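Visitor: Here is what each chain is made of, one letter per residue.
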Amino acid sequence: MSKAYLSIQQVDKTFTRGSASTNVLKSISLDVDKGEYISIIGHSGCGKSTLLNIVAGLTDATTGVVFLEGEVVDQPGPDRAVVFQNHSLLPWLTVYENVALAVDKVFRKTRSKAERHEWTMRNLELVHMGHAKDKRPAEISGGMKQRVGIARALAMEPKVLLLDEPFGALDALTRAHLQDQVMQIHQTLGNTVLMITHDVDEAVLLSDRIVMLTNGPSARIGEVLDVPLARPRRRLDLVTDPTYLRCRSAVLKFLYERNRFVEAA
Amino acid sequence: MSKTALKTTEAAPVAAGAGRAAVVAFPLPRPTLAETLAPKLRSVATAVVPPAIVLGLMLLVWEMLCSSPGASLPPPSQVVTDTWELIANPFYDAGGIDKGLGWHLLASLQRVALGYAFAVVFGVGLGVLVGQSQWAMRGLDPIFQVLRTVPPLAWLPLSLAAFRDGQPSAIFVIFITSVWPIIINTAVGIRNIPDDYRNVARVLRLNGFEYFHRIMIPAAAPYIFTGLRIGIGLSWLAIVAAEMLIGGVGIGFFIWDAWNSSMMSDIILALVYVGITGFLLDRIVALIANSITRGTAKS
Ligand SMILES: Nc1ncnc2c1ncn2[C@@H]1O[C@H](COP(=O)(O)OP(=O)(O)OP(=O)(O)O)[C@@H](O)[C@H]1O
Ligand SMILES: [Mg+2]
Numbered sequence: 001m002s003k004a005y006l007s008i009q010q011v012d013k014t015f016t017r018g019s020a021s022t023n024v025l026k027s028i029s030l031d032v033d034k035g036e037y038i039s040i041i042g043h044s045g046c047g048k049s050t051l052l053n054i055v056a057g058l059t060d061a062t063t064g065v066v067f068l069e070g071e072v073v074d075q076p077g078p079d080r081a082v083v084f085q086n087h088s089l090l091p092w093l094t095v096y097e098n099v100a101l102a103v104d105k106v107f108r109k110t111r112s113k114a115e116r117h118e119w120t121m122r123n124l125e126l127v128h129m130g131h132a133k134d135k136r137p138a139e140i141s142g143g144m145k146q147r148v149g150i151a152r153a154l155a156m157e158p159k160v161l162l163l164d165e166p167f168g169a170l171d172a173l174t175r176a177h178l179q180d181q182v183m184q185i186h187q188t189l190g191n192t193v194l195m196i197t198h199d200v201d202e203a204v205l206l207s208d209r210i211v212m213l214t215n216g217p218s219a220r221i222g223e224v225l226d227v228p229l230a231r232p233r234r235r236l237d238l239v240t241d242p243t244y245l246r247c248r249s250a251v252l253k254f255l256y257e258r259n260r261f262v263e264a265a
Numbered sequence: 001m002s003k004t005a006l007k008t009t010e011a012a013p014v015a016a017g018a019g020r021a022a023v024v025a026f027p028l029p030r031p032t033l034a035e036t037l038a039p040k041l042r043s044v045a046t047a048v049v050p051p052a053i054v055l056g057l058m059l060l061v062w063e064m065l066c067s068s069p070g071a072s073l074p075p076p077s078q079v080v081t082d083t084w085e086l087i088a089n090p091f092y093d094a095g096g097i098d099k100g101l102g103w104h105l106l107a108s109l110q111r112v113a114l115g116y117a118f119a120v121v122f123g124v125g126l127g128v129l130v131g132q133s134q135w136a137m138r139g140l141d142p143i144f145q146v147l148r149t150v151p152p153l154a155w156l157p158l159s160l161a162a163f164r165d166g167q168p169s170a171i172f173v174i175f176i177t178s179v180w181p182i183i184i185n186t187a188v189g190i191r192n193i194p195d196d197y198r199n200v201a202r203v204l205r206l207n208g209f210e211y212f213h214r215i216m217i218p219a220a221a222p223y224i225f226t227g228l229r230i231g232i233g234l235s236w237l238a239i240v241a242a243e244m245l246i247g248g249v250g251i252g253f254f255i256w257d258a259w260n261s262s263m264m265s266d267i268i269l270a271l272v273y274v275g276i277t278g279f280l281l282d283r284i285v286a287l288i289a290n291s292i293t294r295g296t297a298k299s
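Chains as they are written, first to last, in my numbering: chain A, 1 to 265; chain B, 1 to 299.
By construction, these hints were calculated from the structure, which means they are not laboratory data.
Fair warning: there could be bad hints in the mix.
Footprint (simulated), chain B over chain A, 3 or more residues, beta carbon under 8 Å [said to hold, decoys possible]:
no., stretch
1, 85 to 93
2, 109 to 121
Every beta carbon over 10 Å from chain A, so not counted as near; a handful from chain B, in silico [said to hold, decoys possible]:
no., residue
3, SER67
4, LEU147
5, ARG148
6, PHE212
7, LEU281
None of these values were measured; they are calculated from a predicted model.
We put the beta carbon where it would ideally sit given N, CA and C, even for glycine.
Same shape as in the complex, but just chain A (with noise of 0.2 Å):
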């Protein structure tokens, strides 16, 4: 067993329906440090999102484990907030209400009622949306969405917070907004962050790491890059930094040249 925070070890996954079974990963081991924040990028349909829930608990590895703090993995829990792909909010709730349904489950015996209250507004005001506390999913905009979705994960405040594409269907402003929010909020709180992502520049702005996926079937690890720039990081100061075009097409060579993305049968 690893001593990594958190770790994932020869994770294969094999979905069988009827006689048909395909592999879908590889053995996939990675440690991860608390603290770190890792990207894992990959062209669609490669098992990313397959990945992620199987570190989150909502899917079972078919062989391999993973630990987190030494504890096997075995079943969903707020200790691995997920943010899902398309914020999967309850349209019948509130945005406080949704926050507040997290907040009032993992720290019903911990916290008293106001204090679970003041937790759940200041996870909105985190991320801008203590304005829209009252609106429903249905009357705010697809950013918001996504944002109430991320408050409402940090505020279970999780060992590990798993995002998958957090910012993929927002327009380029509001997506780069949103990195940043999410940039201090990891700078303030120092979660451990797992973000799925198909945005080159997003995943070398954000991650300590860059995970690379190879194309499916059975995709594997194909590359670990390692992203040395110093924090707080500063999108406009990036652009012409040596160290990031250096890291940006390492990974745009990856994607492009040695697995290019094809069209599966």
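Given the coordinates of chain A, assemble chain B with the ligands onto it according to the supplied hints.
Guide: Frame of chain A, contents of chain B with the ligands only:
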């Protein structure tokens, strides 16, 4: 920066639009009563005028067709004069089954309320069970699909034999008629809860009860209410038919009784009342559904 640029370009044509635009920008003169009422009146008018015209035309055609001396059905004018006593005194009570139409309707509504209430409780409960479990679905769904096609009245002899009394039999017929769409729609609603919501519940480790009332019921509510609406419609259809056979006080038997004494006008009036009541029942369930599921529309 780009935002300001956008704004100026947008503003330009407005400024060029001269006087009128300027007036809009300043505090408006308070709208007069006529001005505030006009749009509301207009929307009421668009809802009421077309059906009123069609109804008027239909009554006119009916009047003309049935005015000849040999006509087998009375024209509308004749219906109103014949039944004026009934229209004017909906709640008279001369003992036995000689009561006003209001009493008959209430008696029918009471049966529907009881039978439907059982159907809601039982139907939603069983629907949740069937929707939750793959095995219950496989085992029960085909049976439900067969049973739901049995016409309401076909259950009546069986229930009369079982209960040996008209009143519980009628309630049972209501129940058995309206329960199937409630079960089936609830089950479909539960099965269609998106995996995302289930995953949220799993990450939060909601327990069975929390999952039931925080996720399952609200997520399935639109489907459940579809079932409830179909159910109330079928209940009302069934009660009129069932009451014709069981007798006693009730709008169904009133119609049958009127037929036996050849009072066509009474029948026509009762049919109008039945239609309006059925319509109102449907609207009430729809209103409740709307107010409860407002936030549930997919976002
Ligand atoms: N429940 C399932 N049953 C069968 N196959 C599945 C299942 N879930 C995912 N797969 C398959 O596993 C592969 C990886 O899916 P996954 O959702 O992890 O991809 P992804 O990398 O997240 O893609 P994207 O970037 O488009 O979100 C896909 O080929 C998909 O068809
Ligand atoms: Mg995915």
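Visitor: Hint by hint, note whether the structure agrees.
Guide: Okay, the hints, checked on the actual structure:
no., hint, result
1, 85 to 93, "holds (count 7)"
2, 109 to 121, "violated (count 0)"
3, SER67, "holds (56 Å)"
4, LEU147, "holds (32 Å)"
5, ARG148, "holds (29 Å)"
6, PHE212, "holds (14 Å)"
7, LEU281, "holds (25 Å)"
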